[in-house]
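Novice: Residue numbers (this note's numbering), protein chains in the order written: chain A, 1 to 314; chain B, 315 to 657.
Some hints could be false.
Unchecked claim - Derived, one-sided and incomplete: chain B residues facing chain A with beta-carbon distance under 8 angstroms:
1. D471
2. I494
3. L499
4. G531
5. C536
Source of the hints: derived by calculation from the structure; they are not laboratory data.
Just so you know, these numbers come straight off a predicted model, no measurement behind them.
Quick reminder that beta carbons are idealized off the backbone N, C-alpha and C, glycines included.
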Amino acid sequence: MLLKINFTQQRRVRLAQGLWLMSWLAVMCGAFIFCLGVYLKTELLRRNEVMENTEIHMVPNILMMVGLASIGTNWVASRVCQDSLDATRFPRWKVLLLAWFALAALLCCLLIAVVVLSYALQGRLEESLKVGLRNGIRFYKDTDVPGRCFQKETIDRLQMEFRCCGNSNFRDWFEVQWVSNRYLDFTSKDVKDRIRSNVDGRYLLDGVPFSCCNPASPRPCLQYHLTDNSAHYNYDFQSEELNLHSRGCRQALIDYYMGLMNSTGPGVLSVILRQMTVAASLRYLQAAVEGAMALGGTQRARRETSPGEGSRNH
Amino acid sequence: MPFMPVKFNLQKRVKLAQGLWMLYWLSVIVGILIFSLGIFFKIELRKRSEMMDNNESHLVPNLLILVGVLACGVNAFGGKVCHDSLDPIKFAKWKPMLKPYLLLCCGFNVLLLLTALLCFLMQFAMYLTLAEGLKNGIKFYKDTDTPGRCFMKRTLDMTQIEFRCCGNNNFRDWFEVQWISNRYLDMSNDEVKDRVLSNVEGKYLMDSVPFSCCNPGSPRPCLQHHLTNNSAHYDYDHRTEELNIWTRGCREALFSYYSSMMNSIGALVIATIFLESVDMAGLKYLSTALEMMSDPENPECESEGWLLEKGVKETFTELLAKLKMLGKTNQVEEGGEAATAAT
Chain A
1 MLLKINFTQQ
11 RRVRLAQGLW
21 LMSWLAVMCG
31 AFIFCLGVYL
41 KTELLRRNEV
51 MENTEIHMVP
61 NILMMVGLAS
71 IGTNWVASRV
81 CQDSLDATRF
91 PRWKVLLLAW
101 FALAALLCCL
111 LIAVVVLSYA
121 LQGRLEESLK
131 VGLRNGIRFY
141 KDTDVPGRCF
151 QKETIDRLQM
161 EFRCCGNSNF
171 RDWFEVQWVS
181 NRYLDFTSKD
191 VKDRIRSNVD
201 GRYLLDGVPF
211 SCCNPASPRP
221 CLQYHLTDNS
231 AHYNYDFQSE
241 ELNLHSRGCR
251 QALIDYYMGL
261 MNSTGPGVLS
271 VILRQMTVAA
281 SLRYLQAAVE
291 GAMALGGTQR
301 ARRETSPGEG
311 SRNH
Chain B
315 MPFMPVKFNL
325 QKRVKLAQGL
335 WMLYWLSVIV
345 GILIFSLGIF
355 FKIELRKRSE
365 MMDNNESHLV
375 PNLLILVGVL
385 ACGVNAFGGK
395 VCHDSLDPIK
405 FAKWKPMLKP
415 YLLLCCGFNV
425 LLLLTALLCF
435 LMQFAMYLTL
445 AEGLKNGIKF
455 YKDTDTPGRC
465 FMKRTLDMTQ
475 IEFRCCGNNN
485 FRDWFEVQWI
495 SNRYLDMSND
505 EVKDRVLSNV
515 EGKYLMDSVP
525 FSCCNPGSPR
535 PCLQHHLTNN
545 SAHYDYDHRT
555 EELNIWTRGC
565 REALFSYYSS
575 MMNSIGALVI
585 ATIFLESVDM
595 AGLKYLSTAL
605 EMMSDPENPE
615 CESEGWLLEK
625 GVKETFTELL
635 AKLKMLGKTN
645 QVEEGGEAAT
655 AAT
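Work out the full structure: start from the sequences and follow the hints.
Specialist: The structure is reproduced here in structure tokens:
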């Protein structure tokens with residue numbers, strides 16, 4: 001017998017009541033985990049267009065499953081507590097309890113796995129964002145191509161909301177043609193020069209879209225001719241910091257999602273602790289009640305004592 | 315003849331007390347809700363106070379906070395009275411306080427009505443404040459080096475981005491002010507000199523808007539400058555172009571945001587008035603039913619409860635007579651002597 005405690009009738013009743021309360025609290029924790037999973041999944045789905053694969057969705061999926069399973073198991077635990085002090089109703093739970101303990105252990109392992117995964121998948125998330133953003137910037141101009149016509153609005157809103165520009169930084173915009181051919185005057189000398197200046201015949205310029213502009217800049221936003229100091233009065237490209245957002249969108253999104261998952265870490269750990277407490281208390285209650293029922297058959301003492309055990313082997 | 319009498323036996327009295335207790339606690343929750351809405355409204359006004367020239371009126375949110383706290387207190391007291399009402403010993407100590415409490419509830423209802431009215435009427439003042447504040451905001455957009463105004467640019471840009479609007483009435487408001495600071499203008503440039511000389515006040519005016527007016531939903535990269543010049547851009551007609559920049563003015567956008575907030579808060583306050591009236595009626599029935607028990611020792615006896623002891627007209631005339639008596643305090647002794655002489 002491991003961690004033996006003696007229980008009187010009074011203490012058994014107290015334990016059952018306390019455990020009933022704890023298991024209802026654990027049900028609410030399970031609901032909390034489920035809501036956390038739903039929230040994380042919605043946040044990931046909102047930015048689905050700039051992510052290439054959905055591997056990171058494993059984290060919220062597991063959280064949602066564990067939340068639902070935890071609600072169910074802890075509800076069963078509360079029912080067991082309610083029936084535990086009634087000798088006629090308790091035996092039918094006996095068979096179920098072993099399965100319950102196994103399930104509770106599995107849930108705790110899954111929760112630990114979620115915490116580990118949220119760190120381990122950071123690299124995959126970064127890769128997915130890199131490819132997704134690169135495609136987004138490439139298809140920025142394709143507002144007339146079905147399936148890509150909202151790419152421009154998505155990227156613009158993303159850059160404004162997360163205060164970022166480009167994939168790694170704003171120079172990513174210099175490497176793609178982000179102005180559609182529909183709006184280029186091919187008879188103009190400037191346009192013809194730019195198109196002929198590179199192998200692929202793309203209209204490249206040292207300019208960025210308006211969504212890269214930083215509202216906190218003291219100066220009205222300079223979007224075009226960014227590398228040309230003489231194009232603007234009192235402008236030095238090397239030292240200008242506030243004009244555009246300096247952060248890349250990939251870094252901004254990773255920081256955001258890692259922040260979300262890190263802040264859920266303590267909550268998940270506390271839920272693991274609570275679940276283990278409930279499991280341990282239920283084991284004590286089960287052993288105490290079974291012991292009392294075994295003794296009650298041979299002795300009719302008013303105050304029965306029975307040993308409660310904390311281990312799984314008798 | 316009592317007004318709206320209802321017969322009560324023990325069962326009905328108990329049910330009334332329980333129902334009324336729950337209703338009072340519901341009213342406490344509604345009071346907490348009004349309090350938090352008042353705080354939310356205050357925070358929203360503070361967030362955008364720069365757009366309103368820092369002189370927006372905080373009367374409505376302050377009143378909401380006060381009313382919320384009062385509602386919690388008044389209704390919690392009512393709930394306590396209901397809780398004790400079926401125990402004659404405990405109820406006896408609350409009995410003398412009931413009449414002033416009901417008068418207090420009446421006054422509180424009047425205060426709620428006033429708050430609801432203000433919620434609807436202060437919208438006019440808000441509209442005027444917004445118009446004035448935005449006009450100044452656009453004027454001071456360029457003053458990012460003037461202490462006290464250096465964040466106006468950022469605030470206005472963020473407002474235009476968030477509320478999807480441009481300018482005060484529409485984007486043409488930007489054509490009438492100089493929104494580029496002189497620090498960034500090359501005064502030796504001919505074009506700059508032309509523009510500055512083209513108007514009486516020597517302002518650098520252009521037909522351009524800041525980047526925050528741009529609409530991300532436009533299929534075309536945003537055109538900010540030379541907006542009225544069709545030849546400045548390829549395939550551009552400024553009369554038919556709709557998606558390039560936001561067409562709505564910020565005054566309208568901000569006003570519709572605040573007015574919908576104030577309208578819903580006003581509707582909630584009106585609902586609270588109804589709830590409070592129901593509470594008051596219930597408490598009056600309960601107290602009169604308990605007082606009018608024919609046999610106080612026997613809790614099972616029947617009793618009658620009412621809203622007013624006499625009919626509406628008679629109660630009104632009595633009230634008026636009482637007010638007149640209060641007005642004639644100087645002549646009370648004479649009137650008293652005359653009354654005793656008559657009897």
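Novice: So which of those numbered hints doesn't the model satisfy?
Specialist: The structure breaks none of the hints.
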